[in-house]
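Line by line, the protein sequences are chains U and B. Yeah, the first sequence ends on 293 if you go by this note's numbering, and it's all consecutive. Yeah, the second sequence ends on 86 if you go by this note's numbering, and it's all consecutive.
Please note: incorrect hints may appear among the correct ones.
[Unchecked claim] Just the calculated beta-carbon pair ranges, DEER-fashion:
(1) U:236 with B:22: 22 to 32 Å
(2) U:246 with B:49: 30 to 40 Å
(3) U:13 with B:36: 21 to 31 Å
(4) B:20 with U:110: 42 to 52 Å
[What the hints assert, rightly or not] If you want the ones that stay clear, here's a sample from chain U, every Cβ over 10 Å from chain B, calculated:
(5) 8
(6) 222
(7) 241
(8) 290
[Stated by the list, open to error] Computed cross-link-like contacts, SDA-like style, restricted to lysine to any residue with a CA-CA straight-line distance of at most 20 Å:
(9) U:12 with B:17
(10) U:13 with B:4
(11) U:223 with B:18
(12) U:12 with B:65
(13) U:222 with B:50
(14) U:223 with B:44
(15) U:222 with B:64
(16) U:12 with B:63
(17) U:191 with B:51
(18) U:188 with B:35
(19) U:13 with B:35
(20) U:197 with U:88
(21) B:5 with U:8
(22) U:222 with B:22
(23) U:222 with B:66
(24) B:5 with U:217
(25) U:222 with B:65
(26) U:222 with B:36
(27) B:5 with U:6
(28) U:217 with U:266
(29) U:256 with U:161
(30) U:256 with U:141
(31) U:12 with B:19
(32) U:222 with B:67
(33) U:188 with B:50
(34) U:223 with B:17
(35) U:12 with B:50
(36) B:67 with U:9
(37) U:223 with B:51
(38) U:12 with B:64
(39) U:222 with B:18
Think of the hints as simulated: they come from the structure by calculation, not from any bench. Just so you know, these numbers come straight off a predicted model, no measurement behind them. Where is the CB? At the ideal position from N, CA and C, for every residue including glycine.
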Amino acid sequence: MEQITTADELNKKYLRDGMWPTIFCNGCGHGVVLEYTLWALEELGWDMDKTVFASGIGCSSRLPGYINADGLHTTHGRAIAFATGIKAADPDLNIIIFTGDGDCAGIGGNHFIHAARRNIDMTVIMINNFIYGMTGGQLAPTAPLGSIATTAPYGNIENPFDICNLACALGANYVARWCVTHPYQPIKSIKEGLQKKGFSLLEFLAPCPTAYGRRNKLGDIKKHWEWYDNNTILIEDYKKIMQYGTEEEKKELKHKFQIGVFQDLQKPGFFELYGNLVNRLQIKENEPKEGKK
Amino acid sequence: MIEVKEDWCKGCNICIERCPVNALEESDHLNRRGVRPPQLKQQNECNYCRLCELLCPDLALTVIPEKEEKKPMKKTNLIPVGGKRR
């Protein structure tokens, strides 16, 4: 099979014709994440008949509808629960979940926690735009302190949810956070996450100029995209500055988001362990029984 | 060369802002949505880095590297070869 090199060929191979163009607002980052995922899938050369996409409710959850593959558009926050079921029914399938910050961290937080804890073989692509964009701009649990939303008109006073730290603590196999504004590192990272056995979480910081940027006075699309450049720092640089930097440099980093790969482990996934368990019990069952007669 | 699916473009101008060599501009005609899709400038400075293609949120852009034209060259033998080579 010939390697695809242009976006036009990529579109023809992976996208559903009738669904395009997307419903996303002008300047939204969701389409970019979709494109990165498609490039990663193309580089891996996976069979799309063996790949299933699952999603919950929200802007990000419309993404599987645009891809010409099997997809599941489920109830709010339950994408990971449904995906666990798909994986249990047929462990040969590759599961990719598109979910938003409200869907994954807010409504479906408990499903996320337990899927990560059990290390179920799936790739969760969480698109974080700090707000419930589709339902009208309510405050999401990941929104930074002081951000304005319809349910927080005087500024957010709740501490934001760092979902990558949570996933690291739960022992997920692969945890990374990236910004949509730079293409090459995320594509490589998605590729690694997809290949990884066990739970992998990829968090994307995506701009939402309509619901978040407009209310928080982040300016037009250009300025909003630049905001992500100025407010993120690579985890390696962060560690170096925290170790050797001056007080001023450390103070500057306080409000910045760390991006990069946070965790990369090689633990066995849940269904591998489950298969081993079944084999062990079958062998035990077939052994000639000894004991009292 | 840059191929733009004009009806997919929403006019966010991310391709124009993010281009490292500033090779794109808004075109002078409107598409079906009423926005001006991007086009290459008259003076083509595109270096085919494909950043606009990868960053376009609507997958509307495609960068096609121009094939280098092979100029007909007169070949002179540097080594004297007698007769046909086998």
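The hints, checked one at a time:
no., hint, verdict
1, U:236 with B:22: 22 to 32 Å, "30 Å, holds"
2, U:246 with B:49: 30 to 40 Å, "36 Å, holds"
3, U:13 with B:36: 21 to 31 Å, "29 Å, holds"
4, B:20 with U:110: 42 to 52 Å, "44 Å, holds"
5, 8, "4 Å, violated"
6, 222, "5 Å, violated"
7, 241, "27 Å, holds"
8, 290, "65 Å, holds"
9, U:12 with B:17, "27 Å, violated"
10, U:13 with B:4, "18 Å, holds"
11, U:223 with B:18, "12 Å, holds"
12, U:12 with B:65, "19 Å, holds"
13, U:222 with B:50, "19 Å, holds"
14, U:223 with B:44, "26 Å, violated"
15, U:222 with B:64, "26 Å, violated"
16, U:12 with B:63, "15 Å, holds"
17, U:191 with B:51, "19 Å, holds"
18, U:188 with B:35, "33 Å, violated"
19, U:13 with B:35, "27 Å, violated"
20, U:197 with U:88, "15 Å, holds"
21, B:5 with U:8, "9 Å, holds"
22, U:222 with B:22, "15 Å, holds"
23, U:222 with B:66, "29 Å, violated"
24, B:5 with U:217, "31 Å, violated"
25, U:222 with B:65, "27 Å, violated"
26, U:222 with B:36, "16 Å, holds"
27, B:5 with U:6, "13 Å, holds"
28, U:217 with U:266, "43 Å, violated"
29, U:256 with U:161, "14 Å, holds"
30, U:256 with U:141, "17 Å, holds"
31, U:12 with B:19, "25 Å, violated"
32, U:222 with B:67, "33 Å, violated"
33, U:188 with B:50, "16 Å, holds"
34, U:223 with B:17, "10 Å, holds"
35, U:12 with B:50, "18 Å, holds"
36, B:67 with U:9, "18 Å, holds"
37, U:223 with B:51, "18 Å, holds"
38, U:12 with B:64, "16 Å, holds"
39, U:222 with B:18, "9 Å, holds"
Comparing the model with each numbered hint stated earlier shows that hints 5, 6, 9, 14, 15, 18, 19, 23, 24, 25, 28, 31 and 32 do not hold.
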